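K.L.:
Protein chains in written order, with the working numbering: chain A, 10 to 361; chain Z, 10 to 361.
Some clues are possibly wrong.
Which copy? The list can't say, so a pair holds if one copy fits it or any two copies do.
[What the hints assert, rightly or not] DSS-like, lysine-lysine: derived pairs with alpha carbons at most 25 angstroms apart: (1) LYS147 <-> LYS256; (2) LYS231 <-> LYS287; (3) LYS199 <-> LYS129; (4) LYS287 <-> LYS39; (5) LYS343 <-> LYS129; (6) LYS83 <-> LYS199; (7) LYS199 <-> LYS215; (8) LYS256 <-> LYS287; (9) LYS231 <-> LYS256; (10) LYS287 <-> LYS147; (11) LYS263 <-> LYS287; (12) LYS333 <-> LYS343; (13) LYS147 <-> LYS231.
Hints listed in this document are in silico derivations from the structure and should not be mistaken for laboratory results. Remember, predicted model here, so these are calculated numbers, not experimental data.
Protein chains: 2
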Amino acid sequence: MSDPIVIALDAMGGDHAPDIVIKGAFIARKRFPNLRYILFGDERLIKPLLDKQPGFNDFCSLVHTTQFVRGDDKPSVALRNSRDSSMRLAIEAVAEAKAAAVVSAGNTGALMAMAKIVLKTLPGIDRPAMASYFPTIKGESVMLDLGANIQYDAANLLQFALMGSVFISAVLGVRMPVIGLLNVGSEDVKGNEIVREANALLRHVKLPGLYHGFIEGDDIAKGTVDVIVTDGFTGNIALKSIEGTAKLISEYLKQTFRSSFLAQIGYLFARPALNTLKVRVDPRRYNGAIFLGLNGVAVKSHGGTDAIGFANAVGVAANMIVHKALSKINQDLKLVQDSLQQPSANSQVPNA
Amino acid sequence: MSDPIVIALDAMGGDHAPDIVIKGAFIARKRFPNLRYILFGDERLIKPLLDKQPGFNDFCSLVHTTQFVRGDDKPSVALRNSRDSSMRLAIEAVAEAKAAAVVSAGNTGALMAMAKIVLKTLPGIDRPAMASYFPTIKGESVMLDLGANIQYDAANLLQFALMGSVFISAVLGVRMPVIGLLNVGSEDVKGNEIVREANALLRHVKLPGLYHGFIEGDDIAKGTVDVIVTDGFTGNIALKSIEGTAKLISEYLKQTFRSSFLAQIGYLFARPALNTLKVRVDPRRYNGAIFLGLNGVAVKSHGGTDAIGFANAVGVAANMIVHKALSKINQDLKLVQDSLQQPSANSQVPNA
Chain A
10 MSDPIVIALD
20 AMGGDHAPDI
30 VIKGAFIARK
40 RFPNLRYILF
50 GDERLIKPLL
60 DKQPGFNDFC
70 SLVHTTQFVR
80 GDDKPSVALR
90 NSRDSSMRLA
100 IEAVAEAKAA
110 AVVSAGNTGA
120 LMAMAKIVLK
130 TLPGIDRPAM
140 ASYFPTIKGE
150 SVMLDLGANI
160 QYDAANLLQF
170 ALMGSVFISA
180 VLGVRMPVIG
190 LLNVGSEDVK
200 GNEIVREANA
210 LLRHVKLPGL
220 YHGFIEGDDI
230 AKGTVDVIVT
240 DGFTGNIALK
250 SIEGTAKLIS
260 EYLKQTFRSS
270 FLAQIGYLFA
280 RPALNTLKVR
290 VDPRRYNGAI
300 FLGLNGVAVK
310 SHGGTDAIGF
320 ANAVGVAANM
330 IVHKALSKIN
340 QDLKLVQDSL
350 QQPSANSQVP
360 NA
Chain Z
10 MSDPIVIALD
20 AMGGDHAPDI
30 VIKGAFIARK
40 RFPNLRYILF
50 GDERLIKPLL
60 DKQPGFNDFC
70 SLVHTTQFVR
80 GDDKPSVALR
90 NSRDSSMRLA
100 IEAVAEAKAA
110 AVVSAGNTGA
120 LMAMAKIVLK
130 TLPGIDRPAM
140 ASYFPTIKGE
150 SVMLDLGANI
160 QYDAANLLQF
170 ALMGSVFISA
180 VLGVRMPVIG
190 LLNVGSEDVK
200 GNEIVREANA
210 LLRHVKLPGL
220 YHGFIEGDDI
230 AKGTVDVIVT
240 DGFTGNIALK
250 SIEGTAKLIS
260 EYLKQTFRSS
270 FLAQIGYLFA
280 RPALNTLKVR
290 VDPRRYNGAI
300 FLGLNGVAVK
310 SHGGTDAIGF
320 ANAVGVAANM
330 IVHKALSKIN
340 QDLKLVQDSL
350 QQPSANSQVP
360 NA
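Excised from the complex, chain A in its bound form (with noise of 0.2 angstroms):
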């Protein structure tokens, strides 16, 4: 039998916390059967739902605070405020060793901000970023940051492409990432001013991937690139835009089979397909961004998530280490940073 997988979880965090939480961290454990949980909460609301989920309560202990982080809390307040709160101690949790991740649907900017405080970031690593997969053609990619930096550099951008290429060959094996940086067109011209310097920066520093140069919105889904760098505004709004799509096309997929008698019969034999196809684009199925860049692994839910989508940003933590994915990102980042500190033939900008 494999070790314990001990998570710790903000029981509090969320639209529908701590309901989701419990029954999400219940469902998990079919997928990962060594999960064990610590879960940090007010135990008077936590305790039930436990007792309600069959033999549960021998995989979980229970560390009970009054205290929690709102939704519209600023980060600065709840980094202040909050020393007791069901974040903040999961997240110290993981900095004390006592559990190996922490997950939370909670507040994202409190909480990066106390785990920026708590974790640390790593060697080099400015500001952590947060990943997360998206579905392609293809397969799967991932793109960072999705909303962690509102404000960033060139060097920013530099770092997301070395922690997602980084990130992507940990846990998802790909040996050879291939790296594209969001724009507005593929040309070297094309852009804002940032975006072109990173893109000179990336064509020249010895990356853990290959660069493919600049990307547009619709190669994301196309699969053109494994790791989709850009910055927290418009990975976000990249993000948001695409689920808003896909549940556009879903509830026009839903009104075409109500739309006719025959509709309906076709519906009725596609149905176990279709139910295969509805999966497949299940955002819940996408839920769980990492941060990428902290000495710990943690993972932000989507706030209105349900107990399937929370299962599933369990899941993320989960993979993140049972592919040891932390040490090998740290090695990896230690690696690129020593050779970008040794001037060689291809890592210098020519005529700069």
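Model the placement of chain Z on the given structure of chain A, informed by the hints.
P.N.:
Here is chain Z on its own, set in the frame of chain A:
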């Protein structure tokens, strides 16, 4: 019989020009039978194509030119060196009132730069913006800017909001359009400095619509607002991410109906309904971005579109003319600007 609508066409712009331009122009006349065209381009290429469309010659005049703007020409270079290009001459036909609108599938940056120089901007507008319709759960919204303005400030975003709302009133007849500013969250503290400043401006100026506040990426498809305001970098990436997602799901759907014998039978029954859906989500249906803020109607077609898509872009231009949208936009903008100059209780930023 209603007055003829004369449109100048850059017959040489786009990946499949002049073929799709001629075919598209022919198709557009089915919806707008009083369309007349002035075609600018190489007559040796265009003439044989015109002859293939029965009776079409009667509605077209042809201005021969051998110069054209390439897709990778820098706008500054195109401005300087392409004075006899099909694109430039087509725009000049509008300035000289020989045509009521220009449509091109060519180089976006060059088209924007030339249109701005030749047609000039409307009073009070610093930078024109590209706008297009988007399908939503509720109907249709308009989003701008979609790529004309990579550099921007809060005042530009305010102007985009004005132009978008007067546009949607004039063309779709929306009386009191609801306006949203695209951001990474809905709270006032979210986002970068520029969107926060624009948010404060939009809350305190008298708009020809209702300001909703910040919206997120998934609000685009939800139809939360009628006018989605954003900068050209973010808007272009959101637009193309949405297009890419729609294509991805169409591809998944095809795979689904091929995945089993039952699914194939289901497809046969549901085919008429699915064909309606196909038309509904066809990206060609939304081809044709209008440059708002110019003293003339200029429409940019997707460079890679086909004849159906180009016909829709011609339709966007024709609709502008039919609804006399330009003079309405001009009037409404003037009213708004007059009100901006008259200080009143609700047009002042408090304590600013």
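K.L.:
Between copies, within a copy, both or neither: which fits LYS333 and LYS343 at Cα up to 25 angstroms?
P.N.:
within (16 angstroms within a copy, 63 angstroms between copies)
K.L.:
Have a look at LYS231 and LYS256 and pick one of within, between, both or neither, based on CA distance no larger than 25 angstroms.
P.N.:
Cα proximity of LYS231 and LYS256: in one copy and across copies (19 angstroms, 9 angstroms).
K.L.:
Can you give me the call for LYS287 and LYS147, within, between, both or neither, at a CA distance of at most 25 angstroms?
P.N.:
both (18 angstroms within a copy, 22 angstroms between copies)
K.L.:
Have a look at LYS256 and LYS287 and pick one of within, between, both or neither, based on CA distance no larger than 25 angstroms.
P.N.:
Both. Shortest intra-copy (11 angstroms) and inter-copy (16 angstroms) distances satisfy the 25 angstroms Cα cut-off.
K.L.:
Between copies, within a copy, both or neither: which fits LYS287 and LYS39 at Cα up to 25 angstroms?
P.N.:
within (21 angstroms within a copy, 39 angstroms between copies)
K.L.:
Under a CA distance limit of 25 angstroms, which applies to LYS147 and LYS231: within one copy, between copies, both, or neither?
P.N.:
within (7 angstroms within a copy, 28 angstroms between copies)
K.L.:
From the Cα coordinates, with 25 angstroms as the cut-off, is the pair LYS343 and LYS129 best called within, between, both, or neither?
P.N.:
Within one copy only: 16 angstroms inside a chain, 54 angstroms across chains, cut-off 25 angstroms.
K.L.:
Should LYS231 paired with LYS287 be assigned to within, between, both, or neither, using CA atoms and 25 angstroms as the limit?
P.N.:
both (19 angstroms within a copy, 19 angstroms between copies)
K.L.:
Which holds for LYS83 with LYS199 at a C-alpha limit of 25 angstroms: within a copy, between copies, both or neither?
P.N.:
Cα proximity of LYS83 and LYS199: across copies only (10 angstroms, versus 35 angstroms in one copy).
K.L.:
At 25 angstroms max between alpha carbons, let me know whether LYS199 reaches LYS215 within a copy, between copies, both or neither.
P.N.:
within (23 angstroms within a copy, 35 angstroms between copies)
K.L.:
Indicate which option fits the pair LYS147, LYS256 if close means a Cα-Cα distance not exceeding 25 angstroms: within, between, both or neither.
P.N.:
both (21 angstroms within a copy, 13 angstroms between copies)
K.L.:
Treating 25 angstroms as the Cα threshold, decide for LYS199 and LYS129: within, between, both or neither.
P.N.:
For LYS199 and LYS129, the Cα distance is within 25 angstroms only across copies (24 angstroms; inside one copy 35 angstroms).
The earlier numbered hints are all upheld by this structure, with none contradicted.
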